[in-house]
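Number of protein chains: 2
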Amino acid sequence: MDQLFYPKSVAVIGVSEDPQNLARNIVENLFKFQFHGEIFLIGRREGILFGRGICTSLEELREGIDVAVILTPAQTVPGILEACGKKKIRWAVIESGGFSEYSEEGAKLEEETLRIAQKWGIRIVGPNGIGISNIENGFVAAFSPLSPKALRKGKVSLLAQSGGVSLTYLNLLSSASVGISKVVSMGNKLDLNEIDYLNYLIHDPQTEIIGIYLESIQRGRELLESARSTSKPIILHKANTGEASKEIAKLHTSALANDDKIVETALKQADIIRAKDFRSFINAVKVLSLPPMKGNDLVILSRSGGIAIVAADSAERYGFRLFPMKKSFQDRIHSYFRAKVIQPTNPLDLGDLFDFDLYTKILEQVVKIEAVDGIIFQHAAVGDEMEPSRKLILTAKELSLRYQKPVAYCYLTEEEELAYIKRAFDYPIFTEPEDALSALAISREHYNRKRKILKEKLPYFSVERNRIKQLFKRARDEKRDPLLPEAFETLNAYGIPIADYQVVYRKEELEKVIERIEGPVALKVISPSISHKSDTGGVILNLDDFKKAEQAYNKIKQLARGSGDGVLVQKMISDGKEVILGAKRDPSFGPVILFGLGGIYVEVLKETSLRVAPINRLEAEEMISELKTAAILKGVRGERPLDINTLVESLLRLSQLMMDFPEIEGIDINPVKVLEKGAVAVDARIVLSKERGA
Amino acid sequence: MDQLFYPKSVAVIGVSEDPQNLARNIVENLFKFQFHGEIFLIGRREGILFGRGICTSLEELREGIDVAVILTPAQTVPGILEACGKKKIRWAVIESGGFSEYSEEGAKLEEETLRIAQKWGIRIVGPNGIGISNIENGFVAAFSPLSPKALRKGKVSLLAQSGGVSLTYLNLLSSASVGISKVVSMGNKLDLNEIDYLNYLIHDPQTEIIGIYLESIQRGRELLESARSTSKPIILHKANTGEASKEIAKLHTSALANDDKIVETALKQADIIRAKDFRSFINAVKVLSLPPMKGNDLVILSRSGGIAIVAADSAERYGFRLFPMKKSFQDRIHSYFRAKVIQPTNPLDLGDLFDFDLYTKILEQVVKIEAVDGIIFQHAAVGDEMEPSRKLILTAKELSLRYQKPVAYCYLTEEEELAYIKRAFDYPIFTEPEDALSALAISREHYNRKRKILKEKLPYFSVERNRIKQLFKRARDEKRDPLLPEAFETLNAYGIPIADYQVVYRKEELEKVIERIEGPVALKVISPSISHKSDTGGVILNLDDFKKAEQAYNKIKQLARGSGDGVLVQKMISDGKEVILGAKRDPSFGPVILFGLGGIYVEVLKETSLRVAPINRLEAEEMISELKTAAILKGVRGERPLDINTLVESLLRLSQLMMDFPEIEGIDINPVKVLEKGAVAVDARIVLSKERGA
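Chains as they are written, first to last, in our numbering: chain A, -9 to 684; chain B, -9 to 684.
Calculated from the structure, these hints are not laboratory results.
Do not rely on the hints blindly, as some may be mistaken.
Since the list can't tell identical chains apart, any single copy or any two copies may satisfy a pair.
[Unchecked claim] Below, in silico cross-link-like pairs of lysine-lysine (DSBU-like), each with a Cα-Cα straight-line distance of 30 Å or less:
1) LYS145 / LYS(-2)
2) LYS440 / LYS109
3) LYS317 / LYS98
4) LYS22 / LYS77
5) LYS317 / LYS78
6) LYS618 / LYS251
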């Protein structure tokens, strides 16, 4: 893909002398950004543009030009691509709109375009975007007029579906003191998609931080795998989270909204940083260009006691600890103060200390303290103080690098001064403390997750899989989902405990079975046609003597007329709290595991946790502990704590089951009764996918 | 207070020729901001400053100077104030630090200062702040150097405890196209406090929006009353919400943190807009300078489909409806588009339409639609497009005013351009759609609350109060809280239903009482010394025959040895869901009413709702409906809905009880059993305040 991002020759197709012509902006951008390769202009009419002739036919070009940039009406694109193929062009950046995002007809044009591309081995960027802008080498092929003065070269590369968002980020990143390497406006992703670009950027030495803006995640699983393969931070701005935006998203770049809860957890698992808006994206980029926040201990230095309090509020919100200053340190700092009207503490209020050299001295003393993980330096200056304040930024930068700790520099000043500093200095500036603290929290999470949760090994459970394979095969051949005993057998094979059960085929066996199981039992119908068992009377509970059981047996037998499947007899578990374990296969992210408290909690409070499988032990533990309602399992009102370990184990085994059998569409283990010792499933259902899996 | 904000003569005390002297900045600010009154300079040494002589003694001044601005070491302040008094100065702005925020000794100095001030009838601003800055008339008495160029005159006035925060807001408001009228840095509020200033600003014709920054709310009730008395919007930035910031807040301006949940609800009740950080404060100010958002119907116009999606996400988050465009309107808009590659819908993607006159045309068409309540106009421009884009802002302003609807203008552009526009234009500019949407939500809430909830009348329940007064008087005389039957009697008098009960003094009565009450009963001890009744065995439940009841009676009698109070026999209520009603008297906000679901819900999920009393019916209804767990009362899993109306009624009556009897410190009605019809309290406790109430 180097040829695409660093071409030696480019043909721009669709230019004209008309000042309203959009493709001429592409040419102008290439000139302004001093692109060094050859540029060829193609248009419908002959003419001269920027001193170069416009060819009316691709025929006239030499063979093997690296990249064609196309901005012509949609219906002309297939023909142009055919001509490109003949000329051995291998990369096409199609910026035209009017394809699948617009109409049925446009969708057909897309199909034809793709067919021709595949015939010639052409790879396509777009359509319906503003193509590629590589600030490194001046290959800026956007059809929007851009200014080299306003764009800063740097270490962030960005992938975006939308052209407008690409432009926005070009601008925001330039004034964020971090700068841009490459931006791809991916448009409809007819051929190349975010995974292709991402894998290129992961290996691109110029790219240190990767940003992605997506309206839909269609290749979730690949995204997670790519993200896990790199140590470069990846920040994702996922829009289109709500119902209202779905309509335009569909029109705009044919995006389909994902279940946002799955997106949220999946990204977290792969340590992809999720930005919920432009501002948090830029905050993340800023903080990731600093050394990492390795722990929780923070010092806040502030020129204003009031703003220090605002910062301390934010620090608490994000779970930081204000590092307690030792007495000796306090004394040293105290001796610096001219008028002794301020207490040295943390937050440290620099108060009416108007000596910038002293700020430097104090800052260095603080950064030096080994146990301190990060620093907020809150500065404010207006008027005459702005000029001498600039040097403080360099001090912060130097100390941050020397001691490898983030010094988040917050600066409240006049808007014009801020604009200048952001443009001129290569150290990130935050404005509000809230921004800086949220950013430091991102850095801490990123660092810890990379170090801890992602490193935890996957458990492996040895399971006799063949028998289950047979069960599923038979069920699929018979075009039904596994029946109750088959589902139980599957879970049992995976070591997920089920309340003791046995299938009874003849009434005469019933007594012996009940005797063996002990205590009250439930009787359950086994039939492919009765899926909502309890609604139809297919489940009869709390049978505590043989007579009642016999009556129940008769009733259920009648219900399942003609079926030779027998009746399932299961031990009643009256103790314990109900929880739900579940799994489903998401079209984008693959198998997803679910956990929640059962009954009223899941119905009223709708609190569940999700993880993309496979999960490791730490993730399984998180699934339980992140729920507020999980406190109920830990023992409230004097009750004894329940067996959370068995739940963790069951979640891990469920995860492996989903990984082992791609033909499983979903699993519902509901309820599971959690006891003081152990946890047993009482009911379960497995649904197979329609198509035969791998 | 006009004399304080618009003085005709000012004495600045504490100046010297020393370039490090802080008080000289005050003088310089007065000059730079062209303060028109007389200025007198007082210092320890003679000298000349800005061409004026420094007097070494207040004695030399004429009598009756309007305001003294004092910035001298704390220990000199009482003496100076004494001298001011003699010279008939009635207003002192004390900017010195080193008072109660710093040390015990400083606290004593404060006391002395206040004593002297009261002796002479001097009112004090501060100490430990940067005093008053009135941009209107140039009375800018801050000791920080300020620049008239950087500060915009306007319609927002601000009260802040902290000097640093005052400066920050001076700067932020100036570049928010709204501008400042007056800023008071209140410091330690030794004498004048936020209520005094607030009441002045409420009647100040130059102030249209009032902003307040507080680290503690000590006069909550007065704050609410003042806020309710005005139609001017009030925005409050309440810092010091967390544990961590409490320490510095105490040091900084002697602030004590309030229970943040009470603060949150109290402000909402009085329609004081709460800003959680600088950014949301400024967003609120911006939107309140626009016409109000009267409803929920929104149109998003955007140059970029991608950013339109981001905006639509935010719109959904804040509960707006994207107004569905009529077909005829769509067609009209559609005919404007040059290349038909974009679908006219809402959000409306203006796409590659590079014609700014068309934007104006479309915007006007949209603003005109009567059913549309507000508009987001999302613009983005860089480079050459920035200059022609400026006119669009004027268009937005003109349309917004003409049609009296908010047009929230979001503009993503180069940082320098944004700085220029914010300074030069008097129409608020948002950057991110998220900011604009959160701001429109503020406007909508403000408008609706003013119109609806605040207008709802208070109910009045006629209650025979004398008997209760007697009960409380006796309890206080005996230095105890009301006993169980007295608490029940009080609630009964207020029409809060209690499960049927009777006090039994002799065992022989027991049988008759149980017969009357019907069904199982509970027996409860009545004794001032046993407060945790159930822990000590003082409550015996579920007594379903007379024999058991008699045994229980004996046990309880033994427990309450020597007390002649009898035993309380109460009907058991086994049905119903448990809820808690409560009330307490907050030192700042006065009586507060609490509601929550009982048992596990309140213990594990800790979800309760609060309101400052008195509450009206709408507020009582909100108290219940705002709880997620309240869904349980509405009937889940096929259960029938419970009697929420009776709960609303009980909350209203509880509110009046707290208002009627200031001697009540707190009430706990826990549990209340809510039934399908009715809701009855099963236990209750009333605590009286130590001091005799009003």
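Outcome of the hint check:
1. LYS145 / LYS(-2): within (23 Å within a copy, 58 Å between copies)
2. LYS440 / LYS109: Close neither inside one copy (42 Å) nor across copies (67 Å); limit 30 Å.
3. LYS317 / LYS98: Intra 74 Å, inter 26 Å, cutoff 30 Å: inter-copy only.
4. LYS22 / LYS77: within (28 Å within a copy, 71 Å between copies)
5. LYS317 / LYS78: neither (74 Å within a copy, 47 Å between copies)
6. LYS618 / LYS251: Cα proximity of LYS618 and LYS251: in one copy and across copies (16 Å, 19 Å).
Of the numbered hints given earlier, the model fails hints 2 and 5; all others are met.
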